[in-house]
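Each chain, letter by letter, is given below.
There are 4 protein chains.
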Amino acid sequence: MDLISSLQEVTKLSHLYYSRQWMFATAGNLSTRDNSSHTEFWITASGKHKGELKDTDFVCVSVKDGTLLSAKEGLKPSAETSIHQVLYSQMPNVGSCLHVHTLESNLLEFGVGKEEGYREIPIPPIEIIKAFGIWDEKPSLTMPVFYNHTDVPTIANQIKRYFTTVGIPKVPFLLIEGHGPTVWGKSIAEANKHLEAVHFLLQVMARRV
Amino acid sequence: MDLISSLQEVTKLSHLYYSRQWMFATAGNLSTRDNSSHTEFWITASGKHKGELKDTDFVCVSVKDGTLLSAKEGLKPSAETSIHQVLYSQMPNVGSCLHVHTLESNLLEFGVGKEEGYREIPIPPIEIIKAFGIWDEKPSLTMPVFYNHTDVPTIANQIKRYFTTVGIPKVPFLLIEGHGPTVWGKSIAEANKHLEAVHFLLQVMARRV
Amino acid sequence: MDLISSLQEVTKLSHLYYSRQWMFATAGNLSTRDNSSHTEFWITASGKHKGELKDTDFVCVSVKDGTLLSAKEGLKPSAETSIHQVLYSQMPNVGSCLHVHTLESNLLEFGVGKEEGYREIPIPPIEIIKAFGIWDEKPSLTMPVFYNHTDVPTIANQIKRYFTTVGIPKVPFLLIEGHGPTVWGKSIAEANKHLEAVHFLLQVMARRV
Amino acid sequence: MDLISSLQEVTKLSHLYYSRQWMFATAGNLSTRDNSSHTEFWITASGKHKGELKDTDFVCVSVKDGTLLSAKEGLKPSAETSIHQVLYSQMPNVGSCLHVHTLESNLLEFGVGKEEGYREIPIPPIEIIKAFGIWDEKPSLTMPVFYNHTDVPTIANQIKRYFTTVGIPKVPFLLIEGHGPTVWGKSIAEANKHLEAVHFLLQVMARRV
Numbered sequence: 001m002d003l004i005s006s007l008q009e010v011t012k013l014s015h016l017y018y019s020r021q022w023m024f025a026t027a028g029n030l031s032t033r034d035n036s037s038h039t040e041f042w043i044t045a046s047g048k049h050k051g052e053l054k055d056t057d058f059v060c061v062s063v064k065d066g067t068l069l070s071a072k073e074g075l076k077p078s079a080e081t082s083i084h085q086v087l088y089s090q091m092p093n094v095g096s097c098l099h100v101h102t103l104e105s106n107l108l109e110f111g112v113g114k115e116e117g118y119r120e121i122p123i124p125p126i127e128i129i130k131a132f133g134i135w136d137e138k139p140s141l142t143m144p145v146f147y148n149h150t151d152v153p154t155i156a157n158q159i160k161r162y163f164t165t166v167g168i169p170k171v172p173f174l175l176i177e178g179h180g181p182t183v184w185g186k187s188i189a190e191a192n193k194h195l196e197a198v199h200f201l202l203q204v205m206a207r208r209v
Numbered sequence: 001m002d003l004i005s006s007l008q009e010v011t012k013l014s015h016l017y018y019s020r021q022w023m024f025a026t027a028g029n030l031s032t033r034d035n036s037s038h039t040e041f042w043i044t045a046s047g048k049h050k051g052e053l054k055d056t057d058f059v060c061v062s063v064k065d066g067t068l069l070s071a072k073e074g075l076k077p078s079a080e081t082s083i084h085q086v087l088y089s090q091m092p093n094v095g096s097c098l099h100v101h102t103l104e105s106n107l108l109e110f111g112v113g114k115e116e117g118y119r120e121i122p123i124p125p126i127e128i129i130k131a132f133g134i135w136d137e138k139p140s141l142t143m144p145v146f147y148n149h150t151d152v153p154t155i156a157n158q159i160k161r162y163f164t165t166v167g168i169p170k171v172p173f174l175l176i177e178g179h180g181p182t183v184w185g186k187s188i189a190e191a192n193k194h195l196e197a198v199h200f201l202l203q204v205m206a207r208r209v
Numbered sequence: 001m002d003l004i005s006s007l008q009e010v011t012k013l014s015h016l017y018y019s020r021q022w023m024f025a026t027a028g029n030l031s032t033r034d035n036s037s038h039t040e041f042w043i044t045a046s047g048k049h050k051g052e053l054k055d056t057d058f059v060c061v062s063v064k065d066g067t068l069l070s071a072k073e074g075l076k077p078s079a080e081t082s083i084h085q086v087l088y089s090q091m092p093n094v095g096s097c098l099h100v101h102t103l104e105s106n107l108l109e110f111g112v113g114k115e116e117g118y119r120e121i122p123i124p125p126i127e128i129i130k131a132f133g134i135w136d137e138k139p140s141l142t143m144p145v146f147y148n149h150t151d152v153p154t155i156a157n158q159i160k161r162y163f164t165t166v167g168i169p170k171v172p173f174l175l176i177e178g179h180g181p182t183v184w185g186k187s188i189a190e191a192n193k194h195l196e197a198v199h200f201l202l203q204v205m206a207r208r209v
Numbered sequence: 001m002d003l004i005s006s007l008q009e010v011t012k013l014s015h016l017y018y019s020r021q022w023m024f025a026t027a028g029n030l031s032t033r034d035n036s037s038h039t040e041f042w043i044t045a046s047g048k049h050k051g052e053l054k055d056t057d058f059v060c061v062s063v064k065d066g067t068l069l070s071a072k073e074g075l076k077p078s079a080e081t082s083i084h085q086v087l088y089s090q091m092p093n094v095g096s097c098l099h100v101h102t103l104e105s106n107l108l109e110f111g112v113g114k115e116e117g118y119r120e121i122p123i124p125p126i127e128i129i130k131a132f133g134i135w136d137e138k139p140s141l142t143m144p145v146f147y148n149h150t151d152v153p154t155i156a157n158q159i160k161r162y163f164t165t166v167g168i169p170k171v172p173f174l175l176i177e178g179h180g181p182t183v184w185g186k187s188i189a190e191a192n193k194h195l196e197a198v199h200f201l202l203q204v205m206a207r208r209v
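Going line by line, the protein sequences match chains A, B, C and D. Using full-length UniProt numbering, the first residue of the first sequence is number 1, and each one after it goes up by one. Using full-length UniProt numbering, the first residue of the second sequence is number 1, and each one after it goes up by one. Using full-length UniProt numbering, the first residue of the third sequence is number 1, and each one after it goes up by one. Using full-length UniProt numbering, the first residue of the fourth sequence is number 1, and each one after it goes up by one.
Just so you know, these hints were derived from the structure itself, not from any lab. Don't take each hint at face value.
Identical copies carry no separate label here, and so any pair may be met within one copy or between two of them.
Quick list of in silico lysine-lysine cross-link-like pairs, DSS-like style, CA-CA up to 25 angstroms [claimed, not checked]:
id : residue 1 : residue 2
1  : Lys170    : Lys130
2  : Lys138    : Lys160
3  : Lys170    : Lys48
4  : Lys48     : Lys114
5  : Lys54     : Lys130
6  : Lys54     : Lys186
7  : Lys48     : Lys12
8  : Lys130    : Lys76
9  : Lys114    : Lys130
10 : Lys48     : Lys130
11 : Lys64     : Lys76
12 : Lys114    : Lys138
So here's chain A without its partners, still in its complex pose (with noise of 0.2 angstroms):
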C-alpha cells in the first residue's frame, strides 16, 4: 500500500474511533510505517479533533531516534511519538501502531507503582484471543501494564527496556495504567483487528471484576 492510501486508511480509523468514543477530546495517536522507505513512520499531529483529522494532519518521523524528518507548518508530533518510535524500532514488521482512550482501559485499576514501571496482568482466556494469533486451548497469557509517567519519552524508554529485557510481549498490545492500549500489527487493517480485540477483552476484564 503506498503512503497517501494508508494515511486516507488511518484517517478513516481516526473517524470511526471517534465515533466509538475512543478519541475523545483529541485523545489518542494513530501511525504507519512508510513501505517504501521503511526508515519513516507518519504519525498523527498534536492537538487535533480526530473525528474531523484530514490526511494531510500527519508529521513525518525517523524510526530510528524519533527525529521530526518532515511536517507541514503548524502540525507537531503527536505527544506520544515516542512510544511509537519505540515500537517501530524494537519489531521490524510492525508496520502500524494505534492508541486509543477507552473507558474500560480506565475502570481497570492494577497499582502499577511508579518505581516498579511495570506489571505482568493476567487475561482471561475468552475466544477473541484467537483474533492474536493464539490457539492454544485456554492458555495463560498475561499483557504487560506501564506506569503513566507525566514524562512520555520515560515511558518510552520504559517500554524500551522491556522489549530489551523481557522481550517482545506474546500479545499485541501494551497497556498503559490509567491511560489506554497501544496495539500493533503488520498491517493497519491488522493493528485494527487487534484493537477491537483488545477492545473486546478489556470490556470483559472490566465488567468481570
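Knowing the structure of chain A, use the given hints to seat chains B, C and D on it.
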C-alpha cells in the same frame, strides 16, 4: 428467496452486526441454506472484515458431510463451518444460522467442564422470549451451554450428540462458553429476530448477576 | 396534524427506536389517535420488523371497545392493542401511546405478585422528571408497575381498574414487569419526549441498585 | 468566528449530543458569546427538541445582567440562562458554555445538602484530565458539585458566590447533583473538547464506585 438475494441479506446483517460490535476483529460467521438445492449451505469465508463483507465472500458447503463444494480462489470456509453443518443436518427446516461474539455472552461464566461437555442453564422468564415462539406464562426454560474446545469439530460433535440424545433445544440457540451465541431460524429474517432476542436476554442475564 | 403525517411520524420513531435497540426482534408497539374522528386510533400491525416499518403497517381500532375497524389484508393488530385502547379511552387528551422493550426496564426486578396485580414503586427525584411537567423540588413520586400476565387483556383490565380506582398516574407512563414501559402524551412529540425521559430515569434506577 | 457560523457550530453539537443521548427529552442548553459585541451571548430557546434544533432557535441575552435582548416570536430563553450568565460574566475569556444531562452524572450520588449548597469532590488522576490543560503527574484535583435547587436563579447565585469567594475552578466545569455537567471554553471547539473529557471522567467515576 433466491440465492443471490439471500447472500445479499446476510451480507447486510454482517455490516449491521459489525456496527453493533458483535463481529469485531473478524469474529463470527453467518450462513444461509440454498433454498433450491436444500442440500447445500453458504457460509462466510474465513478471516474477512465483517464490516466490509461482500456478497461474494461466501463458500458453498455440503449439508450432509461438510465437504467444501465451491469456493472462489483465495476463500477458505470459516473455522466454525462444522457447527453450522451439524445444525443444518439436524434441523431440515432451518434456513439460516448466525454466530456472533457479544460482550454479554463473554461476561457470563458457567464453568462448564471439558469432560462434562455442556450444561443446561436456566433463563429468566422475561417477555422477550416470546420472540422464540414460546407463549407460556413464566416458563422454566434452559439453554444449552457448551465447552469451548479449541478443536472446533469436537464442539460440533458435542452439539450433534446433544441433538441426537437430548433433542432439539426448545430455544432456537445455543451458547459456547467464553465465545458467543449461535442462533437459527426458518429464514434469515427469523434467525435475525432470534439473535436480537438472544442478545436482549443475555444482556439481562449478565447484568442481573 | 393529519393522519398520514401522524403515521409517518410514528414510523420514523419506530426506525429510531429500533436503532436504539428498544424494538429488537419485533418487540414493542406504537399508536396514534386519529385527530379527525378522535374515536379511532392506529396501531402498528403484529410481527413487523420495527427497523423496516412502513407507514402502511398500521391498523385502525375503536377507542371505545377495541374493535378492529380497518386493516389491510394480512395485517393483524398488535397483541397489546387492548392496553392502548384502555389508555385512549381513560385519557381523552392523549394523542399517542408508545410501548418499547428497554434493557433497563428488564433489569429492574420488583417481584410484583400475580394476585397483587400491581405495585407503586418510588422513583428518584432527578432533574429529568421535569420532562413530565413536574416542577416540585425533590418530589416523592411513584410509578405503577403491573404483573406481566400472558393474557394481555388481563393486563389491560388491571390497568383499567387502576385508572378507575386509583386515578391517572402523576407520571405519564406505566411499567409492566420484565417487559417494558408504556408512555403517553398529548401529541406524538410529547409522548416521545416522555419516553426519552423514562428511559433516562430507568437507566438511573437500574444502575443505582 | 462570526455569529452565524458560531450558531451553526452549536446547532451541530446539539444534534451530535442528542444522538449520544445527552440531550434527551429537551434536556440541556448550549450557548455562545457574541464575539463582536462580547457583552451578549446566544442560548438555545426553551423546550426545543435538541435533535431537530435549528440555528434560528437561539435567543440573545445580556452578559451583564441576563436581560433578554432579542428573541424571535415564540422563543423563550432556556430556564437555565442565569447559570450561563454567571459563567460569562465571571470569566471574560469564556466563549461558549455547554450543559447536558448524562447518565453517569446522575448515577453519582454525593448527598450535597440544600443549606450546604456545594461540595468539592475529588476526581481520579487519569490521563484524560490533560484535556483540561493540567499536566501535573497524578494531581489531586476536585470539582465543585452544587445542590439542585428547583429555583434556577438560586443555583446561579450559589455559583456566583463560589466564583467570587473560592475562585474559578481549576477544572473547566461544574456539576449540579442529579442533573448534569456544565462546561466552558475559550471557543466552542474547546468547550466541546472539555465536555468530551468530562463525560469520559464521569463515566470512570460512576463505574468505579
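Q. Should lysine 48 paired with lysine 130 be assigned to within, between, both, or neither, using CA atoms and 25 angstroms as the limit?
A. So lysine 48 and lysine 130 pass the 25 angstroms test across copies only (14 angstroms; inside, 34 angstroms).
- Query: Are the CA atoms of lysine 54 and lysine 186 at most 25 angstroms apart within a copy, between copies, both, or neither?
  - Reply: So lysine 54 and lysine 186 pass the 25 angstroms test inside a copy (23 angstroms) and across (24 angstroms) alike.
*Between the shortest in-copy and the shortest cross-copy C-alpha distance, which are at most 25 angstroms for lysine 114 and lysine 130: within, between, both, or neither?*
Classified as between: cross-chain Cα gap 19 angstroms, same-chain 32 angstroms, threshold 25 angstroms.
Within, between, both or neither, where lysine 170 and lysine 130 count as close if Cα-Cα is 25 angstroms or less: Answer is within; shortest intra-copy Cα gap is 12 angstroms, inter-copy 31 angstroms.
ask   = Are the CA atoms of lysine 138 and lysine 160 at most 25 angstroms apart within a copy, between copies, both, or neither?
value = Only across copies: lysine 138 and lysine 160 sit 23 angstroms apart there, 29 angstroms inside one copy, limit 25 angstroms.
Problem set entry | Same-copy or cross-copy closeness of lysine 114 to lysine 138 [CA-CA at most 25 angstroms] | between (32 angstroms within a copy, 11 angstroms between copies)
Discussion item. Treating 25 angstroms as the Cα threshold, decide for lysine 170 and lysine 48: within, between, both or neither.
Written reply: between (32 angstroms within a copy, 23 angstroms between copies)
Review point. Is it within, between, both or neither when you check lysine 54 against lysine 130 at 25 angstroms Cα-Cα?
Key: Close across copies (23 angstroms), not inside one copy (33 angstroms); limit 25 angstroms.
Item to complete: Go through the copies and call it for lysine 48 and lysine 114: within, between, both or neither, with a Cα cutoff of 25 angstroms.
Response: Neither: 30 angstroms inside a chain and 41 angstroms across chains, both beyond 25 angstroms.
Within, between, both or neither: how does the pair lysine 64, lysine 76 come out at a Cα-Cα threshold of 25 angstroms? within (19 angstroms within a copy, 39 angstroms between copies)
Checklist line | Identical-chain pair category, lysine 130 with lysine 76, by Cα at 25 angstroms | finding: between (37 angstroms within a copy, 17 angstroms between copies)
Exercise. State whether the alpha carbon distance between lysine 48 and lysine 12 is at most 25 angstroms within one copy, between copies, both, or neither.
Key: The answer is both: 14 angstroms in one copy and 18 angstroms across copies each meet 25 angstroms.
The structure is inconsistent with hint 4 alone, although it conforms to all the rest.
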